[in-house]
Amino acid sequence: MIFITGDTHGDFRRFSTDHFPQQKRMSRNDCAIVTGDFGGVWDDSPREAYWLDWLEEKPFTTLFVDGNHENFEKLNALPVHTWHGGKVHYVRPHVIHLMRGQVFEIGGVTFFTMGGAASHDIQDGILDPASSGFEQEYWFKRRTRQTFRVKGVSWWSQELPSDAEYDEAVRNLEMFNWKVDCILTHCAPTSIQQKLDRSYSPDRLTDFLQMVKRMCQFDDWFLGHYHRNCVVDDRFIVQWEQIVELRRE
Numbered sequence: 413m414i415f416i417t418g419d420t421h422g423d424f425r426r427f428s429t430d431h432f433p434q435q436k437r438m439s440r441n442d443c444a445i446v447t448g449d450f451g452g453v454w455d456d457s458p459r460e461a462y463w464l465d466w467l468e469e470k471p472f473t474t475l476f477v478d479g480n481h482e483n484f485e486k487l488n489a490l491p492v493h494t495w496h497g498g499k500v501h502y503v504r505p506h507v508i509h510l511m512r513g514q515v516f517e518i519g520g521v522t523f524f525t526m527g528g529a530a531s532h533d534i535q536d537g538i539l540d541p542a543s544s545g546f547e548q549e550y551w552f553k554r555r556t557r558q559t560f561r562v563k564g565v566s567w568w569s570q571e572l573p574s575d576a577e578y579d580e581a582v583r584n585l586e587m588f589n590w591k592v593d594c595i596l597t598h599c600a601p602t603s604i605q606q607k608l609d610r611s612y613s614p615d616r617l618t619d620f621l622q623m624v625k626r627m628c629q630f631d632d633w634f635l636g637h638y639h640r641n642c643v644v645d646d647r648f649i650v651q652w653e654q655i656v657e658l659r660r661e
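Here the sequence shown stands for residues 413 to 661, numbered as in the numbering used here.
To be clear, the hints were calculated from the coordinates, so they are not data collected in a lab. Glycine included, each C-beta is placed from N, C-alpha and C at the ideal position. Among the clues, some could well be false.
Claimed, not checked - In silico BS3-like links for lysine-lysine, alpha-carbon gap of 30 Å or less:
{"#": "1", "residue 1": "K486", "residue 2": "K553"}
{"#": "2", "residue 1": "K563", "residue 2": "K591"}
{"#": "3", "residue 1": "K470", "residue 2": "K563"}
{"#": "4", "residue 1": "K470", "residue 2": "K486"}
{"#": "5", "residue 1": "K625", "residue 2": "K591"}
{"#": "6", "residue 1": "K607", "residue 2": "K591"}
Said to hold, decoys possible - DEER-style ranges, computed between Cβ atoms:
{"#": "7", "residue 1": "M587", "residue 2": "K553", "range": "34 to 40 Å"}
{"#": "8", "residue 1": "D536", "residue 2": "P614", "range": "17 to 23 Å"}
{"#": "9", "residue 1": "D536", "residue 2": "D575", "range": "25 to 31 Å"}
{"#": "10", "residue 1": "K591", "residue 2": "E468", "range": "32 to 38 Å"}
{"#": "11", "residue 1": "M587", "residue 2": "Q558", "range": "44 to 50 Å"}
{"#": "12", "residue 1": "E469", "residue 2": "D536", "range": "37 to 43 Å"}
{"#": "13", "residue 1": "P491", "residue 2": "C642", "range": "25 to 31 Å"}
{"#": "14", "residue 1": "R440", "residue 2": "D540", "range": "38 to 44 Å"}
{"#": "15", "residue 1": "G564", "residue 2": "P491", "range": "20 to 26 Å"}
{"#": "16", "residue 1": "K591", "residue 2": "T429", "range": "35 to 41 Å"}
{"#": "17", "residue 1": "G520", "residue 2": "V565", "range": "40 to 46 Å"}
{"#": "18", "residue 1": "R437", "residue 2": "D540", "range": "46 to 52 Å"}
{"#": "19", "residue 1": "P505", "residue 2": "M587", "range": "23 to 29 Å"}
{"#": "20", "residue 1": "R440", "residue 2": "D615", "range": "18 to 24 Å"}
Full structure from sequences and hints, please.
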């Protein structure tokens, strides 16, 4: 069984037995997938360790693509392994980051993964702790309730893929003749994003995903990022707290 949900932001209570009773009949071969903003690799705090251990004790395997709200310095510092045909980071033995631009075969289903997104909650800027006057500007923005983030603390430039990650994504899709069963991303292709909310601006990643939408054969595309639960153009399943099972014919 494969279940898919949206952003968790470090809050995994939706995977409790009360909210997710399907786990009673799941095994380690079954998966729950988070489509970005996992938020479980953030500050090495005791709270974080508690919840990661809590997930590890679940009967299923937790998988996730990254979003834009991740601590990429910590996430990318983890050793790279190969799992089900693609590159991964092990956060725990059964809590696994599906890296960008990979194709995985899980339970007879092929998944293309391309995490990342451009942050939209930075309208009032990104502060650099190394800059002069940082403390004064930080507390001014806090007092005036501005929307901002701090470089290396709550924002990382790696939220968007690198050239190498784009290149690897294309190579892997070419190996599969641009045909997979399911696509897992955090943000949407440009055309889908515009249907969801025109206040979001296109960027290199959404344009790349637009190219994938045009060139790749797929059955379903799951994504998070927009904090809503809906279906767009039949095949694009946008999720937040909802958990749905991926069913194959």
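Consistency of the hints with the structure:
no., hint, verdict
1, K486 to K553, "27 Å, holds"
2, K563 to K591, "38 Å, violated"
3, K470 to K563, "34 Å, violated"
4, K470 to K486, "23 Å, holds"
5, K625 to K591, "11 Å, holds"
6, K607 to K591, "25 Å, holds"
7, M587 to K553: 34 to 40 Å, "46 Å, violated"
8, D536 to P614: 17 to 23 Å, "21 Å, holds"
9, D536 to D575: 25 to 31 Å, "29 Å, holds"
10, K591 to E468: 32 to 38 Å, "34 Å, holds"
11, M587 to Q558: 44 to 50 Å, "46 Å, holds"
12, E469 to D536: 37 to 43 Å, "40 Å, holds"
13, P491 to C642: 25 to 31 Å, "37 Å, violated"
14, R440 to D540: 38 to 44 Å, "43 Å, holds"
15, G564 to P491: 20 to 26 Å, "22 Å, holds"
16, K591 to T429: 35 to 41 Å, "37 Å, holds"
17, G520 to V565: 40 to 46 Å, "42 Å, holds"
18, R437 to D540: 46 to 52 Å, "50 Å, holds"
19, P505 to M587: 23 to 29 Å, "28 Å, holds"
20, R440 to D615: 18 to 24 Å, "37 Å, violated"
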